[in-house]
Amino acid sequence: MTRLFHQFQNLLFNSRKFLLSQFSTDPTEVQEPENSLTQLPEDTASLLSEMARDLPSNRGDVEAIQTALDEAFAEWLDNSESGDNSLLILSSPVTSVSRILTDSISDWLMEKKVPLRPLEWLGRPKNTEEIVHKLRQQLGRGGLGGDSKTSEIVVIPNLSWCYLRCFEGLEGIDYLQDVLLQDNSRFWVIASGLVGWEYLNYVSHFKAYCGKSFILPKLVGEQLQTWLAPIISELEIKFDKLNNDFGDFDRNKDPQTKYFDRLARVSGGVSSVALEIFLDSICYELIDSDHQSGTLQVKNPRSPNLSRLLPDELYLLYSLLLHEDLTLSEAADSLGDEISLVRSKVYTLRRKGIIEQRGNTITLNPIHYPRLKSELSNNNFIISDEDD
Amino acid sequence: MVIAQSTGNAAKETAEKTQELIAKITTGKIAQAFIAVIFAYILLKTVDKLVIWLSEQVAKEWRLQIKQFLPFMRMMVLTITTIFLMNLFLNLSRDNLVAVTGTVAVALGFAFKDYVSSIIAGIIGLFEAPYRVGDRIQIEDFYGEVVSYGLRGIRLKTPEDNIVTIPHNKIWTDAVSNSNMGELEAQVITNFYFAHSVDVDLVKKILYRIAYTSKYTHLKLPILVIMEEKRWGSLFQLKSYPLDARDEFIYKTDLTTRAKRAFAKYNLAYPIYFNQENDFGD
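Sequences listed follow chains A and B, in order. Mapping of the first sequence onto the numbering used here: position 376 corresponds to residue 376, and the numbering continues sequentially without gaps. Mapping of the second sequence onto the numbering used here: position 103 corresponds to residue 103, and the numbering continues sequentially without gaps.
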């Protein structure tokens with residue numbers, strides 16, 4: 001009993017930094033001081049982000065999608081008159097699900113030899129009222145494909161492009177509900193973020209119209225290690241200066257394995273979150289005294305603190321999780337606010353590093369997803385807990 | 001005769017005891033009492049600020065639970081201070097208590113009848129809970145959020161941002177309408193008025209969609225549109241809940257603004273006839 005108590009005491013003592021950091025909301029607070037490590041040199045940092053951008057989709061995600069596709073497609077072929085004719089692929093809203101789906105489906109389609117009709121969009125139509133018209137144009141039987149009843153696979157790479165949370169914005173979903181079950185000669189593959197999916201289930205019972213749904217499985221440490229191996233080997237990143245804060249359970253594992261197991265835990269097994277946390281954990285250690293050369297080291301992976309958010313900021317961030325990416329005018333429509341108001345909130349959140357802006361499009365910085373999810377859930381927002 | 005004499009003796013004895021007690025009041029005791037009162041006041045203010053601050057820091061779902069802790073904290077501070085003061089001046093022995101309570105009861109009974117009634121109602125209110133801090137209530141013509149639960153009464157913050165103080169003893173005689181009873185959610189009813197000829201299905205569809213697409217709507221709670229025929233036209237009521245009861249008025253405005261935009265798009269007819277003497281509630 002005494003031994004157990006001492007073990008518990010040691011565990012608490014060793015993990016005190018981690019435990020205490022959970023209550024902090026100061027993003028500037030250094031949770032685990034790493035005095036010997038400094039910021040990356042500019043050229044290394046840009047090389048690192050370039051390599052991260054060029055990483056292929058995680059094999060774990062791709063293989064999981066292909067397996068789910070095989071099963072659902074075979075079931076549809078066997079029972080195409082009355083069986084489910086769609087597969088929903090669900091992922092966290094910060095996962096680039098359209099890219100993973102495209103990578104997964106290209107090889108798979110070669111084998112199936114069934115005509116493909118993809119939704120050839122790279123984003124949401126500019127005018128929300130045009131969503132339904134454009135959907136009809138691209139996916140309607142009476143449109144490009146004629147009225148024939150030949151079998152075909154319809155792919156919607158990102159369902160969030162088909163709606164916007166505003167009065168006219170859900171007409172695209174109404175249209176999809178009408179056509180999904182109408183014609184069993186079509187097999188639908190639809191990818192969606194979990195937050196948007198949950199929302200659609202509340203507002204239009206969309207789940208009832210769809211067949212099987214499949215949630216991308218959480219990635220484990222080993223899968224992340226394999227995925228990020230090209231970056232690690234190319235930049236010769238070292239794992240030998242890690243804090244020994246992983247607990248006694250990992251005693252027999254090497255530092256790199258421990259690191260990736262911890263990374264998988266902290267990121268919730270979401271590839272985009274894991275990648276951001278991995279990049280955030282890389283530091284530079286100077287070797288010689290004249291500060292000319294150094295090595296890349298990793299510190300313990302951690303999800304950064306989320307600064308205190310105002311109610312209006314929470315509404316905007318929820319909207320981003322719902323739609324995954326938004327332009328300023330779409331964000332204004334989704335919130336029912338003036339665009340100037342939204343712009344000021346976007347600037348504030350961008351400065352805090354919570355959202356990112358590429359051109360006119362804003363997205364959530366995936367590194368904040370785990371904490372933001374629990375913050376929103378605690379504040380009555382509908383957040384799916386299926387990926388927990 | 002004997003009874004009258006013994007009553008007279010008892011009154012005389014009580015008066016003597018009271019005199020004796022008053023004679024024991026020294027400058028030192030007054031100073032102690034003064035310090036105790038100041039300390040209690042500072043403690044009350046600190047507890048007020050601390051509990052309110054804490055309730056605003058935590059997740060919304062815990063906000064009201066923490067706020068509702070405030071009256072109990074205040075009551076505890078006041079009770080301890082009162083006992084301390086009574087002990088200081090009245091030396092709370094059994095005899096002293098009997099002597100003083102008789103005198104005090106008579107004085108309070110006449111001079112502070114309503115005050116005492118409010119204090120007792122406040123203590124009972126802590127347990128019966130017709131309202132708690134954070135609740136949105138209506139008493140008489142006043143509607144608003146309970147922002148403070150004091151010894152004598154509560155303070156309501158109205159939509160116009162006025163603070164209205166209402167004594168607790170209203171709970172003896174007046175109806176208290178509580179919208180959320182300690183919960184974070186409070187139903188909002190938004191009225192919409194149309195001519196008899198309006199397309200009912202279209203209006204219902206618009207109203208549901210407006211509610212489902214508002215950023216404030218609590219989607220886990222039911223949304224309902226009900227309709228009633230009136231002499232002047234058709235009354236539609238959209239019943240829904242905001243994520244946070246505090247957003248009640250801004251939520252209603254959001255629903256109305258976006259609904260009116262949609263009504264204009266479909267050119268829906270509003271009631272033409274409106275008799276000033278009969279409002280829309282008829």
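Some hints could be false.
[Unchecked claim] Derived lysine-lysine pairs resembling BS3-like cross-links, with alpha carbons at most 30 Å apart:
(1) Lys205(B) x Lys260(B)
(2) Lys126(A) x Lys260(B)
(3) Lys126(A) x Lys205(B)
(4) Lys157(B) x Lys12(B)
(5) Lys239(B) x Lys252(B)
(6) Lys204(B) x Lys207(A)
(7) Lys49(B) x Lys345(A)
(8) Lys260(B) x Lys230(B)
(9) Lys134(A) x Lys204(B)
(10) Lys218(A) x Lys352(A)
(11) Lys252(B) x Lys345(A)
(12) Lys345(A) x Lys204(B)
(13) Lys239(B) x Lys207(A)
(14) Lys260(B) x Lys345(A)
(15) Lys113(A) x Lys134(A)
(16) Lys218(A) x Lys220(B)
(17) Lys49(B) x Lys207(A)
(18) Lys29(B) x Lys113(B)
(19) Lys205(B) x Lys212(A)
(20) Lys45(B) x Lys12(B)
(21) Lys345(A) x Lys60(B)
(22) Lys260(B) x Lys134(A)
(23) Lys126(A) x Lys157(B)
(24) Lys265(B) x Lys134(A)
(25) Lys212(A) x Lys220(B)
(26) Lys126(A) x Lys60(B)
(27) Lys157(B) x Lys205(B)
(28) Lys260(B) x Lys220(B)
(29) Lys157(B) x Lys49(B)
(30) Lys260(B) x Lys352(A)
(31) Lys49(B) x Lys352(A)
(32) Lys207(A) x Lys220(B)
(33) Lys239(B) x Lys134(A)
(34) Lys220(B) x Lys345(A)
(35) Lys252(B) x Lys126(A)
[Said to hold, decoys possible] Derived list of chain B stretches under chain A, where covered just means 3 residues or more per stretch with a C-beta under 8 Å from a C-beta of chain A:
(36) 155-162
(37) 203-213
(38) 248-261
It should be emphasised that the hints constitute simulated quantities derived from the structure, not laboratory data. Think of the CB as a built atom: it goes at the ideal place given N, C-alpha and C, for glycine as much as any other residue.
Here is what the structure says about each hint:
1. Lys205(B) x Lys260(B): 14 Å, holds
2. Lys126(A) x Lys260(B): 24 Å, holds
3. Lys126(A) x Lys205(B): 25 Å, holds
4. Lys157(B) x Lys12(B): 51 Å, violated
5. Lys239(B) x Lys252(B): Satisfied, since the Cα-Cα distance of roughly 10 Å is no more than 30 Å.
6. Lys204(B) x Lys207(A): Measuring from Cα to Cα gives roughly 23 Å; hence the hint holds.
7. Lys49(B) x Lys345(A): Holds: Lys49(B) and Lys345(A) sit about 29 Å apart, inside 30 Å.
8. Lys260(B) x Lys230(B): 20 Å, holds
9. Lys134(A) x Lys204(B): 26 Å, holds
10. Lys218(A) x Lys352(A): 28 Å, holds
11. Lys252(B) x Lys345(A): Since the Cα atoms of Lys252(B) and Lys345(A) sit roughly 23 Å apart, the hinted pair holds (cutoff 30 Å).
12. Lys345(A) x Lys204(B): Distance ~33 Å between Lys345(A) and Lys204(B) Cα, so the pair is violated.
13. Lys239(B) x Lys207(A): 25 Å, holds
14. Lys260(B) x Lys345(A): Status holds; Cα separation ~26 Å.
15. Lys113(A) x Lys134(A): 26 Å, holds
16. Lys218(A) x Lys220(B): Holds, because 27 Å separates the two Cα atoms, which is no more than 30 Å.
17. Lys49(B) x Lys207(A): 47 Å, violated
18. Lys29(B) x Lys113(B): 28 Å, holds
19. Lys205(B) x Lys212(A): Judged against 30 Å, a Cα distance of about 29 Å means the pair holds.
20. Lys45(B) x Lys12(B): 43 Å, violated
21. Lys345(A) x Lys60(B): Given pair Lys345(A), Lys60(B) holds - Cα atoms ~21 Å apart, limit 30 Å.
22. Lys260(B) x Lys134(A): Satisfied, since the Cα-Cα distance of roughly 27 Å is no more than 30 Å.
23. Lys126(A) x Lys157(B): 43 Å, violated
24. Lys265(B) x Lys134(A): Holds, because 21 Å separates the two Cα atoms, which is no more than 30 Å.
25. Lys212(A) x Lys220(B): Cα-Cα ~23 Å, so holds.
26. Lys126(A) x Lys60(B): 35 Å, violated
27. Lys157(B) x Lys205(B): Roughly 35 Å between the alpha carbons, so the hint for Lys157(B) and Lys205(B) is violated.
28. Lys260(B) x Lys220(B): 25 Å, holds
29. Lys157(B) x Lys49(B): 17 Å, holds
30. Lys260(B) x Lys352(A): 36 Å, violated
31. Lys49(B) x Lys352(A): At roughly 28 Å apart (the allowed maximum being 30 Å), Lys352(A) and Lys49(B) satisfy the hint.
32. Lys207(A) x Lys220(B): Holds, at roughly 16 Å.
33. Lys239(B) x Lys134(A): Violated, because 34 Å separates the two Cα atoms, which is more than 30 Å.
34. Lys220(B) x Lys345(A): The hint holds at about 27 Å.
35. Lys252(B) x Lys126(A): 29 Å, holds
36. 155-162: With 0 residues close enough to chain A, the hint is violated.
37. 203-213: holds (count 5)
38. 248-261: It holds: at least three residues are needed, and the stretch 248-261 of chain B offers 4 whose Cβ sits within less than 8 Å of chain A.
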